[in-house]
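> Letter by letter, the chains look like this.
Number of protein chains: 2
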Amino acid sequence: MTGVTIGKIAKEAGVGIETVRFYERQGLLDPPPRTDSGYRLYPADTVAKIRFIRNAKLLGFSLKEIAELLTLHDAPNATKAEVKQRTQAKIREIETKIMELTRMKKILTDLAASCSGQGSIEGCPIMQAMEGQGSKRCHSC
Amino acid sequence: MTGVTIGKIAKEAGVGIETVRFYERQGLLDPPPRTDSGYRLYPADTVAKIRFIRNAKLLGFSLKEIAELLTLHDAPNATKAEVKQRTQAKIREIETKIMELTRMKKILTDLAASCSGQGSIEGCPIMQAMEGQGSKRCHSC
DNA sequence: TTAAACCCTGTACCATACTACAGAGTCAAG
DNA sequence: CTTGACTCTGTAGTATGGTACAGGGTTTAA
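Which chain is which? The protein sequence lines are A and B, in order.
Mapping of the first sequence onto the working numbering: residues 1 to 141, in sequence order.
Mapping of the second sequence onto the working numbering: residues 1 to 141, in sequence order.
Keep in mind that the hints are not guaranteed to be accurate.
One copy or any two copies: either way a pair holds, since identical chains are not told apart in the list.
Derived SDA-like pairs (lysine to any residue); straight-line CA-CA distance at most 20 Å [said to hold, decoys possible]:
| no. | residue 1 | residue 2 |
| --- | --- | --- |
| 1 | Lys105 | Leu63 |
| 2 | Lys90 | Pro125 |
| 3 | Lys11 | Pro31 |
| 4 | Lys90 | Ala67 |
| 5 | Lys57 | Glu82 |
| 6 | Lys90 | Ala113 |
| 7 | Lys106 | Gln133 |
| 8 | Lys11 | Phe22 |
| 9 | Lys105 | Gly7 |
| 10 | Lys97 | Ser62 |
| 11 | Lys8 | Ile91 |
| 12 | Lys64 | Ala44 |
| 13 | Lys105 | Gln88 |
| 14 | Lys57 | Val15 |
| 15 | Lys57 | Ile91 |
| 16 | Lys11 | Gln128 |
| 17 | Lys11 | Gly132 |
| 18 | Lys106 | Ser62 |
These are computed hints drawn from the structure, not numbers from a lab.
Everything numeric in this text was worked out from a predicted model, so none of it was measured.
My request is simple: use the sequences and hints to build the entire structure.
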C-alpha cells in the first residue's frame with residue numbers, strides 16, 4: 001500500500017489540510033514518506049491519530065501535551081502509570097480553573113443581586129466594587 | 001496640577017510602564033496630555049482606572065469588555081441596567097465554561113479510576129478512550 | 001557638565017491553535 | 001493537451017494580554 005494523500009486524510013478526519021500540516025510541524029504527526037514529486041503519502045492509521053488528537057483536546061489537553069501522549073502511545077516501554085499521572089495532573093489543573101471561575105461567578109452573582117438595575121449608573125454597586133482597592137486583604141482570598 | 005509621569009503611575013498602580021502604554025493603545029486609557037518634549041502627564045485618577053481594570057480582569061472581563069465598562073463609567077447617561085446586563089452575560093459565560101470543565105473532569109476522573117496504573121501501556125483504558133471514534137452520538141452530549 | 005534615570009516610538013516576541021494566502025508545481029479526466 | 005483539482009513551501013494573520021527591546025531624546029541631581 002502506497003498511502004493516502006493529505007486531502008483524503010483531512011476529509012476523513014474532518015479537519016482542514018492546513019491543520020494536518022500544522023500538526024506535522026508541531027510534532028503531533030510524523031512526517032510521512034513522499035512521492036517523487038513531494039506529495040505526502042500517509043499511512044492508514046493517520047486518521048486514527050488525528051481522532052486521538054481531537055479526543056484528547058476535548059479532554060482539555062494542549063497540543064504539546066497531546067504530542068507527549070502520542071509519543072507514549074508509540075513507545076513500547078511506556079507504562080500505564082505515565083498516562084495516569086498525566087491524567088491526574090490534568091484533573092488538578094481543571095479543578096484549579098473551576099475554582100477560579102466559581103470564585104468569579106460568586107462575586108458577580110452577589111454583585112448582580114445587589115444592583116437594582118434601575119436608573120442612572122451613579123451609585124451602581126457593581127461599578128463601585130470594581131473601583132475598590134482590590135485589596136491585599138480581599139475577603140475572598 | 002500638571003499631572004503625573006508614566007513611571008509614577010505605573011509604580012503606584014503596580015503595573016509596568018509598557019502595560020500603561022499598552023492600555024492606552026487598546027483604548028482602555030485616554031491618551032493623556034503631553035509636555036513640550038512629548039512626555040505623558042496623567043491626571044490623578046489614572047491609577048484608579050488601572051485598579052478598575054485589574055479588578056474587572058479578576059472578575060473575568062476581557063480588556064475589550066473592560067474598555068466598554070470604562071466608557072459606561074464616564075458616560076453621564078449610562079444606566080445601572082447596562083452594567084447589570086453585562087454582568088449577567090459574564091455570569092452565563094462563566095457558567096458555560098464551568099460546565100465544560102466539569103464535563104472534562106468527570107470523564108478524566110472516571111478514566112483515571114478505571115486505570116490500574118500498573119504495568120505496560122498496552123490496554124490502558126485512558127489511551128483506549130482517546131483512540132475511540134469521538135462519535136457524534138457521544139453519550140455526554 | 002555630565003551621568004544616571006527617565007521617557008519616546010516602533011517593532012518584534014511569548015504561548016495557543018489554527019487559518020489564509022501567494023506563487024509554484026503535479027496529477028487525472030475528458 | 002488542456003483544464004481543473006490537487007499539492008507544495010513559506011509567510012503572515014487571527015485573538016488575548018501583555019513583555020522586551022533598539023535607538024533615540026529629556027530631565028534631574030551631584
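> Run the structure past the numbered hints and jot down the numbers of the failing ones, going up.
9, 11, 12 and 16
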